[in-house]
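*Asks:* Take the sequences, apply the hints, and build the full model.
Chains as they are written, first to last, in the numbering used here: chain H, 2 to 134; chain D, 2 to 134; chain Y, 2 to 134; chain B, 2 to 134; chain F, 2 to 134; chain A, 2 to 134.
Keep in mind that the hints were calculated from the coordinates and are not lab data.
Hints may contain errors.
Since copy identity is lost for identical chains, a pair holds within one copy or between any two.
With a Cα cut of at most 25 Å, we get these calculated DSS-like pairs of lysine-lysine [what the hints assert, rightly or not]:
(1) 81 - 121
(2) 81 - 58
(3) 121 - 19
(4) 19 - 81
If you're wondering where the values come from, they're calculated on a predicted model, not measured in any experiment.
Protein chains: 6
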Amino acid sequence: MTDDTSERFDRGWATVAKINGPARDQQFRSLGEVAPDFARWIVESVYADVLSRPQLKLRDRELATVAALAAMGNSPAQLKAHVEGALNVGLGRDEIVEVISQMAVYAGVPAAIKGLQIAKEVFAERDAAGGGG
Amino acid sequence: MTDDTSERFDRGWATVAKINGPARDQQFRSLGEVAPDFARWIVESVYADVLSRPQLKLRDRELATVAALAAMGNSPAQLKAHVEGALNVGLGRDEIVEVISQMAVYAGVPAAIKGLQIAKEVFAERDAAGGGG
Amino acid sequence: MTDDTSERFDRGWATVAKINGPARDQQFRSLGEVAPDFARWIVESVYADVLSRPQLKLRDRELATVAALAAMGNSPAQLKAHVEGALNVGLGRDEIVEVISQMAVYAGVPAAIKGLQIAKEVFAERDAAGGGG
Amino acid sequence: MTDDTSERFDRGWATVAKINGPARDQQFRSLGEVAPDFARWIVESVYADVLSRPQLKLRDRELATVAALAAMGNSPAQLKAHVEGALNVGLGRDEIVEVISQMAVYAGVPAAIKGLQIAKEVFAERDAAGGGG
Amino acid sequence: MTDDTSERFDRGWATVAKINGPARDQQFRSLGEVAPDFARWIVESVYADVLSRPQLKLRDRELATVAALAAMGNSPAQLKAHVEGALNVGLGRDEIVEVISQMAVYAGVPAAIKGLQIAKEVFAERDAAGGGG
Amino acid sequence: MTDDTSERFDRGWATVAKINGPARDQQFRSLGEVAPDFARWIVESVYADVLSRPQLKLRDRELATVAALAAMGNSPAQLKAHVEGALNVGLGRDEIVEVISQMAVYAGVPAAIKGLQIAKEVFAERDAAGGGG
Numbered sequence: 002m003t004d005d006t007s008e009r010f011d012r013g014w015a016t017v018a019k020i021n022g023p024a025r026d027q028q029f030r031s032l033g034e035v036a037p038d039f040a041r042w043i044v045e046s047v048y049a050d051v052l053s054r055p056q057l058k059l060r061d062r063e064l065a066t067v068a069a070l071a072a073m074g075n076s077p078a079q080l081k082a083h084v085e086g087a088l089n090v091g092l093g094r095d096e097i098v099e100v101i102s103q104m105a106v107y108a109g110v111p112a113a114i115k116g117l118q119i120a121k122e123v124f125a126e127r128d129a130a131g132g133g134g
Numbered sequence: 002m003t004d005d006t007s008e009r010f011d012r013g014w015a016t017v018a019k020i021n022g023p024a025r026d027q028q029f030r031s032l033g034e035v036a037p038d039f040a041r042w043i044v045e046s047v048y049a050d051v052l053s054r055p056q057l058k059l060r061d062r063e064l065a066t067v068a069a070l071a072a073m074g075n076s077p078a079q080l081k082a083h084v085e086g087a088l089n090v091g092l093g094r095d096e097i098v099e100v101i102s103q104m105a106v107y108a109g110v111p112a113a114i115k116g117l118q119i120a121k122e123v124f125a126e127r128d129a130a131g132g133g134g
Numbered sequence: 002m003t004d005d006t007s008e009r010f011d012r013g014w015a016t017v018a019k020i021n022g023p024a025r026d027q028q029f030r031s032l033g034e035v036a037p038d039f040a041r042w043i044v045e046s047v048y049a050d051v052l053s054r055p056q057l058k059l060r061d062r063e064l065a066t067v068a069a070l071a072a073m074g075n076s077p078a079q080l081k082a083h084v085e086g087a088l089n090v091g092l093g094r095d096e097i098v099e100v101i102s103q104m105a106v107y108a109g110v111p112a113a114i115k116g117l118q119i120a121k122e123v124f125a126e127r128d129a130a131g132g133g134g
Numbered sequence: 002m003t004d005d006t007s008e009r010f011d012r013g014w015a016t017v018a019k020i021n022g023p024a025r026d027q028q029f030r031s032l033g034e035v036a037p038d039f040a041r042w043i044v045e046s047v048y049a050d051v052l053s054r055p056q057l058k059l060r061d062r063e064l065a066t067v068a069a070l071a072a073m074g075n076s077p078a079q080l081k082a083h084v085e086g087a088l089n090v091g092l093g094r095d096e097i098v099e100v101i102s103q104m105a106v107y108a109g110v111p112a113a114i115k116g117l118q119i120a121k122e123v124f125a126e127r128d129a130a131g132g133g134g
Numbered sequence: 002m003t004d005d006t007s008e009r010f011d012r013g014w015a016t017v018a019k020i021n022g023p024a025r026d027q028q029f030r031s032l033g034e035v036a037p038d039f040a041r042w043i044v045e046s047v048y049a050d051v052l053s054r055p056q057l058k059l060r061d062r063e064l065a066t067v068a069a070l071a072a073m074g075n076s077p078a079q080l081k082a083h084v085e086g087a088l089n090v091g092l093g094r095d096e097i098v099e100v101i102s103q104m105a106v107y108a109g110v111p112a113a114i115k116g117l118q119i120a121k122e123v124f125a126e127r128d129a130a131g132g133g134g
Numbered sequence: 002m003t004d005d006t007s008e009r010f011d012r013g014w015a016t017v018a019k020i021n022g023p024a025r026d027q028q029f030r031s032l033g034e035v036a037p038d039f040a041r042w043i044v045e046s047v048y049a050d051v052l053s054r055p056q057l058k059l060r061d062r063e064l065a066t067v068a069a070l071a072a073m074g075n076s077p078a079q080l081k082a083h084v085e086g087a088l089n090v091g092l093g094r095d096e097i098v099e100v101i102s103q104m105a106v107y108a109g110v111p112a113a114i115k116g117l118q119i120a121k122e123v124f125a126e127r128d129a130a131g132g133g134g
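*Replies:* Set out below in structure tokens:
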């Protein structure tokens, strides 16, 4: 790791921390065991270079990501992580339910149902953990 | 059209008007020539029953729709209509460029490039028409 | 729920009953816990306004739905529910196996294999329950 | 072409003729110029070995294919050929419009709109050619 | 099974054996229980007629298949079988990790992460079984 | 452009030059007009950080990319650019035709047909330009 990339890593990791809670730590470690360079690339090229840009608020980015992942419908684990992320950066449960429901219009009812079941799961885990949001 | 549905139609059409400009008039007419019941269903069941709900601002709905259509990547005409819609309900060009670029992360670079070319087309048409937004 | 929508709900629910057995009751209840308005929208705007229309027989609708869900390949739970529905509205097991196999042509062999495994699961559950169809 | 495959080719080509009109001739010739073995494989392994099987009527196969191609939404030329095919094997225009509209439920409204525009195009071409169906 | 097809079956099964280990035996048996004609079609029309052709080495075919299945992202069981197959026909673990990582560019980061988790699972199973590759 | 990123840009651009001919210049310029930061990100984070890595030969990377884009089927312009790229880094026309044909197995016949038509177009343009490859 050269010096000129460590600043990017730190900047990316700060955004990881804002969006994801401790769960993401485990996810990066798991990914790093099979593809360490790719795990680092995600922090630097995705979290630092794309998701940390000021042109869009994190709240808007997570709204868009939840919409896109629910619409594409084939990454339930990633959608779950971003429903968590959406709550972490300030979106309300009602907004998340609404945006996933809206995806029924653009990607079909099955995609929306699957997304809502994932959101329900996240909400239940938060309730069980006694946390708000 | 029975009386009990006309309120839903009017409510839906009011939302159509907010999101879409005169272009959408032509689109509904064209669709109505082959599938009139389906065209009406879109106004009532989509625009009135889903997109007019107060749980999410129209600005947020269009941000989510642009994200989802860019990510799914197979409805360029619909994406174009919703880039227009996004501008109409208050999103800035920089926010639209940013959210489509972000889709490179979730749906791949080709999807983002296609989406940005569509956005560029809309911006150029607006500039040519002398309109802002 | 206003009076003018209750007729739509009842009409939709009658179609739900024809396509789905008691399993769907549980599914709607589960969905209703996280998104009650959306669950209702499905009954009224999907089951009443689309799937109850006389232009296509329920048997043909379920054939088309099984084909589409097998081809898209990312909603196994929904596909399973509609293999059940297809049997409920009169399609034979051989027709279901055949239409899913045919999807290998249009959506690839992996999609067809996944769909056939789901059909096999439904058939086995029916056999275990002693039911025909 | 060895003798043992020619029966399969003939059987497949007979089904091509039932589903597709003269348009398909040109399509196979065009494909054969770049990938002759693959063009032949389609006639033998798809049209003879899959689509000619008696377990499902051609009318039902085309209904399923139109549904699947409209739902997947990324092969407009193929969907157009199969809307033609659906008319050729006895489906009515109203049934085709209905099954594509239904795909809005499973694959989203944009997919259905795109499919209906293609159907409309086929119907107009038939009307212009003075043909029925 | 007529005589003229048995040569195709044998040729296909020989390629099945090269790509897949004993696991595939079980998969074909399971598929054959619900759709025996389709299982046979896969051996003859896919493994004999397509995958046994000399125009592309098996190593290149598996590289391409792993790339495509990781990019499409909705057939994890099939992707797992082909990561196995890729190792069986001579691709290295580092090449498999690299090509799946590359799919982040064309199909998005979530698709690549899912694919890498599947690859990791295969590698771990091989290590546990004491096998190399 | 800060100094610490210019090395990455140069390294990425060298890979762009190997894969793409002068056509890509125009594509980057066009993209840069609407999203300059994203265009740069593609050179640095995609071409330098991913596609220039030594773990996989460029020839294998382009084979995988052609396979994936043909299978996903919704980026014809990108597929065309990578069929060009595949020829530029040493793949033969027969290998390209074969790998796209193989995608019929994993993504369906329509995806393969579309891909082959794009390959045919590239080959014809090369022939017209008097170039080999």
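*Asks:* Since the copies are identical, ignore which copy is meant and state whether residue 121 and residue 19 lie within 25 Å (CA to CA) inside a copy, between copies, both or neither.
*Replies:* Only inside one copy: residue 121 and residue 19 sit 22 Å apart there, 28 Å across copies, limit 25 Å.
*Asks:* Give the relationship of residue 19 and residue 81 under a CA distance limit of 25 Å: within one copy only, between copies only, both, or neither.
*Replies:* This pair counts as within: shortest intra-copy Cα distance 16 Å, inter-copy 32 Å.
*Asks:* Could you figure out if residue 81 and residue 121 sit no more than 25 Å apart (CA to CA) within one copy, between two copies, both or neither?
*Replies:* both (10 Å within a copy, 21 Å between copies)
*Asks:* If the cutoff is 25 Å on CA atoms, where do residue 81 and residue 58 land: within, between, both or neither? Let me know, please.
*Replies:* both (20 Å within a copy, 23 Å between copies)
The earlier numbered hints are all upheld by this structure, with none contradicted.
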